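Engineer: Residue numbers (my numbering): 1 to 113.
Treat each hint with caution, since some may be false.
[Said to hold, decoys possible] Straight-line distance between alpha carbons at most 25 Å, and here's what the computed DMTMM-like set of lysine to aspartate or glutamate pairs gives: (1) Lys77 to Glu62; (2) Lys77 to Asp57; (3) Lys77 to Glu52.
Hints are computed from structural coordinates only; laboratory data are not their basis. Quick caveat: nothing in here was measured; it's all calculated off a predicted structure.
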Amino acid sequence: PHGPRAVLGAVLQGVGWGAPGASVTLRVLHIDVFHNASSTDMQGMALLGDLETHSMDCSTCEIRFLQPWAQQGLTPKQWQDLELVIHRSLFSFSRTVNTIAQHHGGGCEYGAV
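All chains, please: the whole structure from these sequences, using the hints.
Structural biologist: This is the structure:
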């Protein structure tokens, strides 16, 4: 089995969190700041429990491994494919939000907060 659950299980066992009955939450966070219709800053990160394991440079969609064991379970090609999927998803999300804001902004304007 090479699916996401198998990968997560292998990683958790590698750090001693795979004991029977153990429960650890995997959170993937995606933050966007829309400055205007053509400028967006993005940030991404993954956490196992409270431990940040991965971050993402959203300008290049390169995944950074913040723990020595964080790259286990996937081949370099699989990580590259995952980066491409994430890049496409982020681009599509930003484009959709900008389109909605332009057409249905209800008088809202981009600007500094």
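Engineer: Taking the hints in turn, state whether each one holds.
Structural biologist: Status of the hints after comparison with the structure:
no., hint, verdict
1, Lys77 to Glu62, "13 Å, holds"
2, Lys77 to Asp57, "18 Å, holds"
3, Lys77 to Glu52, "23 Å, holds"
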